[in-house]
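Heads up: the sequence lines are chains A and B, in that order.
Using our numbering, read the first sequence as starting at 97 and increasing by one per residue.
Using our numbering, read the second sequence as starting at 239 and increasing by one per residue.
Treat the hints as calculated values from the structure; they're not laboratory data.
Don't take each hint at face value.
[Unchecked claim] Pairs of lysine to aspartate or glutamate residues, derived as EDC-like cross-links and limited to a Cα-Cα distance of at most 20 Å, are as follows: (1) Lys116/A <-> Glu267/B; (2) Lys275/B <-> Glu151/A; (3) Lys116/A <-> Asp290/B; (4) Lys116/A <-> Asp298/B; (5) Lys162/A <-> Asp290/B; (6) Lys275/B <-> Asp129/A; (7) Lys116/A <-> Glu287/B; (8) Lys275/B <-> Asp133/A.
Here the structure is a predicted model, which is why all the values come from computation and not from measurement.
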Amino acid sequence: MMLHYLGRLIAWLTPVHREKWAQAMQAEISAFDNRTDAMKFALGCLIACCRFQLEVKISTGRNWSKILKDRFTISAIFCGVTACLIGLAYLFLSGAPVTMVAVNTAAMLLGVCLAVALILSVPVTPGFLNAIALFGSLGLLGTATLGYAIEGATRWVLVGPFFVQTSLILLPLIALGFARIQNVWTTMSIVLASLAMAIQPDRAMAAMLFAAVAVICWIRPGKLTFGAAFICASGFLVTLLLPDRLSAVPFVDHILWTAFDVSTMTGLALWIGCLALIGPIFCVPPNERTVVHYTFAACWMTLIAAAAMGAYPTPVVGYGASAIIGYFLSLVFLQPARQSCSERKASAPNMSDTGTEDSSFQRNNPSFAVIS
Amino acid sequence: MRKSRAPSKATRSALITLLDAPQGMHGYEIMQLAGIKPGTLYPMLARLEDQDMLVSHWQDAGVEGRPPRHIYRLSENGRAFARSLMDEMHSTSHAQLRSKPI
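Looking at chain A on its own, in the form it has when it is part of the complex (with noise of 0.2 Å):
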């Protein structure tokens, strides 16, 4: 009886994908003629499931080569990287203070290791993206209300001796999360995103924002993806219609001009860094191109644009962390979906065959499919 029971054990703790190696320890526990053989045996093999899950739970299904041979990753990493040395040369060429220049290295290393961290070991499920998506929502509201303060803008958060701009970094996850799964969750998102960029105000962010919407909704079409597109429009109305009083910051705001007084080449490299942002997506073939790598390349376009037009921060290139930090971060987002437990029982092809586990991913969900 007990070995019946821990049977069933075996076969409800082994992963869908594993299951003909839960078939395969039951035959052998029934096997045994000596009982207690038989109970150690089965105590051993229920180890060997917690493995199984392990290895589900840790596993992206992602490495190194697979890093490599994904051109819209690489070729993010390679813009980003040169948009940052460009950037740093101009602040070191302009005279920029050298805390300037250790900031932005520092936030180009830190972002280059936390993206390719993640992306190797986070599952982006359904069930993350949701998570981000809201909590990044919750985390810009919390800035809003309660971070700190210059000008009447409220768009900060003071870690050490930094000044956070946290949508930088939160807004562009918001909005490749609304992009991969529209549903309620991510919906809820964008509108407490939308809430909290006209509380801040902060007009270049809203702009990012509902551009990255209208995309979505473009490409897209539904009912949710109108609803959000609405709602960041009114949010961007609103930071229009209210004043914003903040002064240019030196190596930060209005650069893309600025940089001409260094000298001419300064200018040109400094715009070549700021477009090298939204490169990547034309190193995917047209017929490649998801909504999520045309929502990336709207949201980095409409910043640059912000930047060109008004005093708002330069991307990548200017000085500020949270640009750097955020570009990178957003590549963990671009990364083919995985499935939930619940939705890989529901698709999981006959265990009979051989098939693993990549192979049966890729034939039931194709990268960036829309669940919703």
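With the hints as your guide, set chain B onto chain A.
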């Protein structure tokens, strides 16, 4: 075939055990001969199969009321890899013998 890491002691032992049994073995047999615990054995066998080093099939238990058992044997890739491990072991042991002072 994916061979990203050097095989563990248990994997080496299982591969060499299976090399001597071209007809295949049950899980319990491998466990006994290679001295591996079941908690290690099945994840390792699953990994070897993922790496195309192992093939498995069901074999009738031959006793009424008992389910068919899983039989494991090395694939061509697995045999080549197990042989290379054997050669490596032999060369290491020879080198150790040569280096011993007389």
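Going through the earlier hints one by one, which of them does the structure break, listed in rising order? Those not satisfied: there are none.
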